[in-house]
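Engineer: Now for the letters of each chain:
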Amino acid sequence: MITQTAPRRVIDIADLIRRVRGRYLSPIASLLLFVVMFAGVVGRYDFASPSQVFLNLLVDNSYLIVLAVGMTFVILTGGIDLSVGAVVALSTVIVATTLQAGWPAPVAIATVLVVGPLLGLLMGLVIEYFDVQPFIVTLAGMFLARGLCYVISVNTLPIKDPLLRELGLKYLYLYEDKFIRWTVVIAAVVVVVAVYVLHQTRFGRTVYAIGGNRQSAQLMGLNTSRVRVSVYAISGLCAALAGLLLAVQKLSGYSLNGIGLELDTIAAAVIGGVLLSGGVGFVLGSVIGVLVLGTIQTFVTAENLDSYWTRIMTGLLLLGFVLVQRVLARNSLREASKR
Amino acid sequence: MVKRLTASPLVWPALALIALLAVNVIVTPSFLSIRLQDGHLFGSLIDILRNGAPTMLVALGMTLVIASRGIDLSVGAVVAIAGALACAHIAGSADPAGPGTVITAMGIALGVAAGLGFWNGILVSIFGIQPIIATLVLMTAGRGIALLVTGGQIITVTSPPFKTLGAGYALGLPVAILVSLSVFALVGVLTRRTALGLLLESIGVNPEASRLAGVRYRTIVFAVYVFSALCAGVAGLMIASNISAADANNAGLWIEMDAILAVVIGGTSLLGGRFSLTGTILGALIIQTLTTTVYTAGIPPETTLVFKALVVIAVCLMQAPKFRALVRNRRPRRTSAHRTPEPSPKVTPIAQIHPVSEMSQL
Chain F
1 MITQTAPRRV IDIADLIRRV RGRYLSPIAS LLLFVVMFAG VVGRYDFASP
51 SQVFLNLLVD NSYLIVLAVG MTFVILTGGI DLSVGAVVAL STVIVATTLQ
101 AGWPAPVAIA TVLVVGPLLG LLMGLVIEYF DVQPFIVTLA GMFLARGLCY
151 VISVNTLPIK DPLLRELGLK YLYLYEDKFI RWTVVIAAVV VVVAVYVLHQ
201 TRFGRTVYAI GGNRQSAQLM GLNTSRVRVS VYAISGLCAA LAGLLLAVQK
251 LSGYSLNGIG LELDTIAAAV IGGVLLSGGV GFVLGSVIGV LVLGTIQTFV
301 TAENLDSYWT RIMTGLLLLG FVLVQRVLAR NSLREASKR
Chain R
340 MVKRLTASPL VWPALALIAL LAVNVIVTPS FLSIRLQDGH LFGSLIDILR
390 NGAPTMLVAL GMTLVIASRG IDLSVGAVVA IAGALACAHI AGSADPAGPG
440 TVITAMGIAL GVAAGLGFWN GILVSIFGIQ PIIATLVLMT AGRGIALLVT
490 GGQIITVTSP PFKTLGAGYA LGLPVAILVS LSVFALVGVL TRRTALGLLL
540 ESIGVNPEAS RLAGVRYRTI VFAVYVFSAL CAGVAGLMIA SNISAADANN
590 AGLWIEMDAI LAVVIGGTSL LGGRFSLTGT ILGALIIQTL TTTVYTAGIP
640 PETTLVFKAL VVIAVCLMQA PKFRALVRNR RPRRTSAHRT PEPSPKVTPI
690 AQIHPVSEMS QL
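Which chain is which? The protein sequence lines are F and R, in order.
Residues in the first sequence are numbered from 1 upward in steps of one, following my numbering.
Residues in the second sequence are numbered from 340 upward in steps of one, following my numbering.
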């Protein structure tokens, strides 16, 4: 018996390696790219403290990380959420306006954290129960949220609340003089919770199942409708939270915040190996995608280039990744047909 | 007849447009009046047509792309690049007002636009990348490229011949609208009087099956992306010529979204296949009328977007089969005693197919 099972186990391991390589290849490639790019930038400019440069990457992009987490849920189900940038702006405007009106900070924050998911929930319900394409529904959601911003206020509203100022300005020393801010801690918590939900819960498995094949998931008895609506609410919640982080970071609310942010978020997810067709990708991959985008930004700033270079380089990188993913997908398909 | 009409997908957008116009007439009674001044027609309706011309043009290209089961997010970027190139050439030439300069400038802009469309076509048809990502690349990078062309500045030009396209008049009508309508007519004839439209729809319905049936998938997909980019290029020239300047940051911002909305409001499904050019034109007109309504009705401009969102959701829900079924199921419950049984479902699909193909033949 033992002699019979032993070789079979070896084959299993080989199979496992192959499978792992297939699933993790894209995120690992992005991680490698990030390391190379980061090392290149640090080497080129001879920063005093590379570790602080890395921490600044997290500090500057904490809101984008939270957004990318929400977007990952939506994209994994095969959908898309174009409303996130506008919801971010709406959140900053709401929190700034309510604080100016004299609301206590916790109430203002709670309001934002209710409005975002509510909007997401509405979009999810329309998408799921009326069968309108996510692209169109969330586009309408984007117009609605951006329009509501303008209705509330077209001015830049400063935030003077002591609690939020503390969140935005206080250094959290990790060791020696290396610091992060509270926003990074919040983003990290969001990432950890998202990883847990996606990989350890029935909900998370249903998300992957819907992206893989909606009909099979439904036939397997999974509650696809509820999950498909929920991912948009989750994305709305993440966008609202990201809006709070941005408000805290800028200490102001402005209705023109976050224009085109949905594109950055989608780009981060794609660079991180999340397939827009659904079912493939990881939250951590999207986080790496955000770090890659952040590194481009750091490079453009350090090189003193015009800001439009960020867009051109992001586009080129996106192209590179899409092509690489395509080649990988073809190879694995060929391998599968060989077997 | 009534049943055939209500079954046509064009009814809802048409009704929405009429309703919007009716609201305008109630608010400003002189809304529909058109007056002749200096041999040109003036009036709110003409304004709607002229300001809607670029969106209409981009939406026409978008319709064909969407019919092939694709989507083109890069049109806004192409609009910016085309405007930037044309203005940069005119501003840099010795004779900005010469017709030769203007023609060369437009040639360069449209040539590059076609090249960008070709690029999208390569990514989609040869590399087989999902259209939404393939065009996202250019959407992300494109505006940066336009800024690179203009050097981050707004380039202003003084060239009367160049101004004709966006702000000039011919035959009493704005040139822009004449251009858009002639492209509409051309595409209508090309897709509905030849087999091209049918082949395009077959690709949208099932790319693999149509390839096996001998349809030239690659050539047609290439053609639609190049055409879409060319439409965007002309729209870019219109926008730049209308304001006599190239604003790489704002020219054609969100025009891809407006165009996609126009296509969807017009009843073409984002899933590809059957398409309606007339519907697209109606959709573009609805979007433009909406904006004009906000201005003429004295609604604060800040609320335009909220307004737009509500109309878009309403029109999309009206078209969603599930929502219509919901409404239809409710109706008989109230009046079931007096009405003959609902027509069998078989009748509706047939009635749905015919009006579209007939009406979109112009």
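If you are wondering where the hints come from, they were derived from the structure by calculation, not from laboratory data.
Among the clues, some could well be false.
Quick list of simulated restraints, FRET-style, between CB atoms [stated by the list, open to error]:
#1 R:T367 x F:N155: 24 to 32 Å
#2 F:Y24 x R:I357: 50 to 58 Å
#3 F:A188 x R:G446: 48 to 56 Å
Stretch-level coverage of chain F by chain R, calculated; a stretch enters the list once three of its residues show a Cβ under 8 Å from a Cβ in chain R [what the hints assert, rightly or not]:
#4 29-42
#5 146-155
#6 162-172
#7 203-215
#8 244-251
Glycine included, C-beta positions come from ideal geometry on N, C-alpha and C.
Engineer: Given the hint of 24 to 32 Å, check if T367 (chain R) and N155 (chain F) actually sit that far apart at their C-beta atoms.
Structural biologist: Since T367 (chain R) and N155 (chain F) have Cβ atoms about 30 Å apart, the given range 24 to 32 Å holds.
Engineer: Tell me if chain R covers the region 29-42 of chain F under the three-residue, 8 Å CB rule, please?
Structural biologist: Answer violated; 0 residues pass the 8 Å Cβ test.
Engineer: Can you confirm whether chain R covers the region 244-251 of chain F, using C-beta to C-beta distances below 8 Å and requiring at least three such residues?
Structural biologist: Our answer is that it is violated, as 0 residues pass the Cβ test (under 8 Å) against chain R, missing three.
Engineer: With respect to the beta-carbon atoms only, verify the hint that Y24 (chain F) and I357 (chain R) lie 50 to 58 Å apart.
Structural biologist: holds, 56 Å
Engineer: Can you take a look at whether the region 146-155 of chain F is actually covered by chain R? Rule is 3+ residues, C-beta closer than 8 Å.
Structural biologist: The restraint on the region 146-155 of chain F holds, since 6 of its residues have a Cβ under 8 Å from chain R and three suffice.
Engineer: Does the Cβ pair A188 (chain F), G446 (chain R) satisfy 48 to 56 Å?
Structural biologist: holds, 54 Å
Engineer: Closer than 8 Å Cβ to Cβ for three or more residues is the test here. Does the region 162-172 of chain F pass it with chain R?
Structural biologist: Answer violated; 0 residues pass the 8 Å Cβ test.
Engineer: Report holds or violated for chain R covering the region 203-215 of chain F, Cβ cut-off 8 Å, minimum 3 residues.
Structural biologist: Check failed, 0 qualifying residues.
Checked against the numbered hints above, the structure breaks hints 4, 6, 7, 8 and satisfies the rest.
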